[in-house]
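Peer 1: Start from the sequences, fold in the hints, and give me the full structure.
Residue numbers for the sequence shown follow my numbering, beginning at 4 and rising by one.
Think of the hints as simulated: they come from the structure by calculation, not from any bench. Any given hint could turn out to be false.
What the hints assert, rightly or not - Computed cross-link-like contacts, DSBU-like style, restricted to lysine-lysine with a CA-CA straight-line distance of at most 30 Å: (1) Lys131 to Lys147; (2) Lys13 to Lys131; (3) Lys13 to Lys130; (4) Lys69 to Lys37; (5) Lys147 to Lys13; (6) Lys69 to Lys13.
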Amino acid sequence: MNAFSFYPTKNLGAVGDAGAVVSQDLERLNFIRKYQNYGQSQRYAYELPGVNSRLDSLQAAVLSVKLPYLGQLNEERRRLARSYSQQLAGVGDLECPAEVPPGTEPVFHLYVVRTRQRDALQQYLQKKGISTLVHYPVPAHLQKAYGHLGVRKGGLPVTEALAATSLSLPLYPGMTEGEQHYVVEQVQHFFA
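Peer 2: As structure tokens, then:
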């Protein structure tokens with residue numbers, strides 16, 4: 004099974020919450036079909052506990068219009084990511100995403116850099132009018148919801164290091180060369 008998120012900020016985003024699940028396993032697909040429709044196999048026949056998680060017609064229509072442009076928009080994201088990586092190479096302790104292996108085409112939903120000065124860099128950029136985000140600042144194993152697993156602070160050091168040092172720089176289709184240059188320039192000034 005594979006799940007797709009069509010959250011509005013995703014590369015292929017709807018205007019509201021949306022998603023899809025695909026599989027070649029009919030038994031699993033039948034379960035998902037029931038689960039996402041209150042657990043119903045037919046109207047008012049509930050076979051299992053479920054949720055209301057159907058893709059509405061408006062979201063489907065928006066996605067249908069946007070889908071033909073997805074390749075072009077993803078290429079624009081790749082171009083912006085390459086530009087960031089070239090211009091930010093060797094700047095301070097900044098680590099850019101790893102070089103893309105041959106034969107792969109990441110879509111760069113986000114452009115995430117790493118630095119031990121993450122919080123200071125984020126505050127500096129905010130003062131310069133540049134919005135950044137820290138995605139998942141608290142690792143899942145340190146969240147209350149997963150406390151029952153017994154993984155304590157220090158138990159997943161790589162995960163914890165990533166959570167403490169990662170920062171998403173602005174990257175979106177339609178970002179102009181001038182806008183990206185301003186971000187790069189401000190990052191460079193921070194580390195100068």
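Peer 1: For a quick check of understanding: which of the numbered hints are violated here, in increasing order?
Peer 2: Hint 1 contradicted; others consistent.
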